[in-house]
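Novice: So the sequences go chain by chain: A and L. For the first sequence, my numbering assigns the number 1429 to the initial residue and increments by one for each residue that follows. For the second sequence, my numbering assigns the number 88 to the initial residue and increments by one for each residue that follows.
Rather than coming from a laboratory, the hints here were simulated on the basis of the structure. Ideal placement from N, C-alpha and C gives every residue a C-beta, glycine not left out. Just to be clear, a hint being listed does not mean it is correct.
Stated by the list, open to error - In silico SDA-like pairs for lysine to any residue, Cα to Cα no more than 25 angstroms straight-line:
| # | chain 1 | residue 1 | chain 2 | residue 2 |
| --- | --- | --- | --- | --- |
| 1 | A | Lys1608 | L | Ala367 |
| 2 | A | Lys1512 | L | Pro121 |
| 3 | L | Lys937 | A | Ala1482 |
| 4 | L | Lys868 | A | Ala1499 |
| 5 | L | Lys937 | A | Asp1480 |
As the list claims (entries may be wrong) - A few chain L residues facing chain A, derived, Cβ under 7 angstroms:
| # | residue |
| --- | --- |
| 6 | Ala125 |
| 7 | Val875 |
| 8 | Leu993 |
| 9 | Asn994 |
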Amino acid sequence: MRLPLQVPTLAMAAALALPGCGDRADAATLPADAAAASAAGAPGVPGEVFLDHAIHAGQARIPCLACHVWADRSPVAGLPSGRKCMGCHKFVAKDKPGVQLLAKRVEEGRPLRWERVFSVPDFIYFSHRMHVRARVDCKECHGDMTIARVIRQDRPFTMGRCLGCHQERKATQDCVACHK
Amino acid sequence: MTLSRRSFLGTAAAALGGGVLASCKAKLPRYLVPQVVAPDDAVPGIARRYRTVCRACPAACGVTATVREGRAIKLEGSPDDPVGQGALCPRGQAAIEALYSETRLGKPRVGGREVPWDQAEAALVVGLKTALDRGQRVVVLTRPERGRLGALFGEWLAALGQPATQVVTFAPMDRPWLREGQQRAFGSAATPVLDLAAAKLVLSVGDDFVEEGSPVEHARALADQRAAGGRLVYVGPRLSLTAAAADQWISVEPGTETAFVLGLAHRVLELLGPAAAVPASVAEALRSRLAAYDPATVAARTRTSGVALSDLAGALARARPSLCVGPGRAVAGADAATLAEAVCVLNAILGNVGRTLRFLPDAPSPAGMDLAELARRAAAGEVGALVVHHADPLGYGAVYGELARALQRVPFVAAFANELDATASAAHVVLADHHFLESWSDVPSRPGVVAVQQPVMSPVLDTRAAADELVAAAQALGKTAGLPADPFADVVRHAYGEKDLERGNRISGATPVPVELASTALATAGEPPALRGPEAGFPLVLAPSFRHLDGLPTRSALLQELPDPLSGFAWTGWVEVHPATAAGLHVKPGDVVALESPAGRVELPAHVTTAIRAGALGVPVGDAMALLDGSGPIGLGMRVIARRTGAHVHRPTLEAGRTQHGRELARSVSRSSPRLPERAPLPSMYPPVEHPDHRWAMAIDLDRCTGCGACTAACYVENNLPVVGAIESQRGRSMSWLRVQAFVDERADGPAASFLPLGCQHCTSAPCESVCPTFATYHTKEGLNAQVYARCIGTRYCENNCPYGVRRFNFFDWPRTGTARLGLNPDVTVRERGVTEKCTLCVQRIRTAKEEAKCDGRALRDGEVVSACAATCPTRAIVFGDLKDPASEVSRLAADGRAYKLLEELNTDPGVFYLARRREGHA
């Protein structure tokens, strides 16, 4: 079997071809006012506020597009603005530390920042609106948010997975439809 | 065990390369930061477009700025603008680069050091107060500002208790001789408006209107004129872009152009007789004044053939209407005003006034102080404070030497600037101004048209609006009488309605005013003064260039990297030398030549070409500035000594040569029968390729192309092309996806230039595709030759096998750092080292348009997808569209008798096709 011989060559090639890729974003420390709120949420969440999708999408049955308003209008689904959150949280769950931090921030005009969980490489063009229009359910890629407390990307965002679905639904399989 | 290629790669990557690959993912931002309050009408991921006006040159074309996520990423012409008419020149395209430039002034400076704004403002107030307390003058030196900002300068001076006329306009590339000549000929200061498109014959007297003045507007008009059967004749010493676009180039001895035009007027008067469109008495007076300019004498003096002059006079007399324009910089010597007067007279005799040459009333502008008066008063110590607003007189060396020396006597100079130019470097206080895409203003671009400049984004850097800083200083001095209380932004905004902002301008219209030829016309025409400088020197001909629209070598790396259309030089100036002259100087192409005049010395590589008259030297205006002495206009007038230095530079060009070697790549047809011979389709070994829905294609009309290079510049900005710099560019590693290949071929009637915009040809049977070992390049169902960077391993086989030489290899990563990142188009990948790239036919625009159409539930319309090059082309030479749509413009052009494909004999069946240029006397 020739595989073991070839692997080091390939790894070397990969290492040579991809220098400068390691500039990982700084794991910035949390602002002081966020530390307490974060500690009150689930452990191990490095965002400023722990947001429980199981409560929002599950218990409260808020549809995805109610908050991610651009998913059917833009390639980008987007996150709700601070003011949009306050539309409900002016009245709801005001005793929670996360909500209190949110209210404080909106008052100050400072945004909250959220940990990024889902991403495609930046050489890929992905349009949310075309997938929403094609009636691809959000959960097919993002998982069932109605039961998810901590969000994880638990299904692979690989080209194979994309193409599998595109084949099944007879969607475009042209490379430059996605490779930008 | 069977192991597919993909799973093998996957295993290998996971096993060993995993760490490296995983780290690549971290390039994406780790956090998502939503807005606190989302604007109702801004959707992330969707481009927003705002109308504003380009201030890269005084022509002031209306533009549409594309804004993504709050940052301007592209400018395109605004179709509602009467100047640019939907197109934009290379300089306008490079404005985005200037906006995010890392050399841009991002903070105010006092005494050469960056300081916070409050300190800079305090320094400005102190400087002004000292001048006022001493009873000295405060003067504003500004680029042309004819709108509300210009008015505000006057009001501000008045508030300080100064004469409001102390606003000096600095416009080095203005052409004052045109106004003076018109004043002498017609006794009128009205604004001339040229209708090139309506003229059957245009005579350009060294006027390079395709390169300077209002290049977009005039190039478009010229292309329309020639398409309608009109002709252009160019008289001048140098084959400029305008001369290259002309049907005939008449090369005259530099300095004798006036005699040539007077000779024309003489002959035209003879031919027209009583039909001359001037009163008989005036015609009689002109006849006697022009008596000495008979064709034989003139031909001898101008060293042209008498036949050319007589033929031209005959053609002018027959073509009704015609139009004579100029004189331009290439021929404007010390007697430029007389030449301009002669051109006016010619127009009057030919009856062009009121038809192709109309005059619009100019808004009365207050008689301001001029540069000479400023220099005089400053030298006399009368000026206590000078406020410079986007003007750089110190950059022009000896041309404004007197002013520069006088300014040293001004105790306080404050400069509003975007870049630290020579004047700003010497100023006591430098106030970092907004870029035009970040600020409000208005520009009366011509009588009856005011272009509204509105910000398209919030400022990138810590800059402030000049007007507000001046008003704040006046407030600090307690002198606010007559000044607006509101910020300048509000003053402008409230002056215009929603509709004006949507259109980008307000058009009130203007009624032409009648003018008549003065009876004294040409009464003072005499012998032109001899050229200045050493007798043994060569006449120095200035070549206008998009790089040097303000007369200085550009700061823009993008414009530097764009090869000059005719010489092919990038990143350096050059001197054009005729082969006969070069032989005398023992100069070979690329040899560095030292040019010396009494004013200065420059060293430039030689471009040996027949595109310049023997015995004259052509130098781009920005590089020639150091040779001028300032005693005449920035134009013709100097003689320079040329010497070989012994140094040599390798000419940085992407092309193999300047001639077509008879291969007819840029083809031409005769004007009388504009059809190429039919060719039978060649047999192919490959199965036919089907394009079920679309076949994207591009038509490039060589009859319209002037070689300006706007397409190349637009491509750089749209597709995130890196600027590689002088050294790599010289190694042929420029990343340009679309180059304008120029050829200068010798023909019986002299050199003929042709331009061939050359990008990926999107072949149906592409030679690059069959040699790619990773299938990184392939033919899509829509006819694109696509390149998938993620698959490319950089063998460069494709580049080697491409017969058109249009593929580019990334020898390096070209990182965009700092603010330069903000100008990247988010829809286009920034390519990494080791991959090949090339024109995609703006696949991102196709993708977006298809998505929009699908969301609207309709089919794509013709003209909905426009590639960046086609969108910006000043002459509409490039048309993009779908060949599967029989009604599309591109399908119509494909059926034209002039249509051909490049290297057709290779049977690559490209999706890009050309329309042959119409030439006179073509066999």
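Novice: Each hint should be assessed against the structure and marked as holding or not.
Specialist: Results for each hint:
Between Lys1608(A) and Ala367(L) the CA atoms are separated by roughly 70 angstroms; this puts the pair beyond 25 angstroms, and the hint is violated. Taken as a hint, the Lys1512(A) and Pro121(L) pair is honoured in the structure, with Cα atoms around 11 angstroms apart against an allowance of 25 angstroms. With a C-alpha separation of about 36 angstroms, the suggested pairing of Lys937(L) with Ala1482(A) is violated against the 25 angstroms cut-off. Of the supplied pair hints, the one linking Lys868(L) and Ala1499(A) is violated, its CA atoms being roughly 28 angstroms apart against a limit of 25 angstroms.
Annotation: proposed proximity of Lys937(L) to Asp1480(A) is violated, straight-line Cα distance about 37 angstroms (limit 25 angstroms). A hinted interface residue such as Ala125(L) counts as satisfied when its beta carbon comes closer than 7 angstroms to some beta carbon of chain A; here the least separation is about 4 angstroms, so the hint holds. Using the Cβ-Cβ criterion of 7 angstroms, the hint placing Val875(L) at the interface with chain A is satisfied: the shortest such distance is roughly 5 angstroms. Checking Leu993(L) against chain A: minimum C-beta separation of about 25 angstroms lies over 7 angstroms; hint violated.
For Asn994(L), the shortest C-beta to C-beta distance to chain A is roughly 25 angstroms, which exceeds 7 angstroms, and the interface hint is violated.
Checked against the numbered hints listed earlier, the structure breaks hints 1, 3, 4, 5, 8 and 9; every other hint is satisfied.
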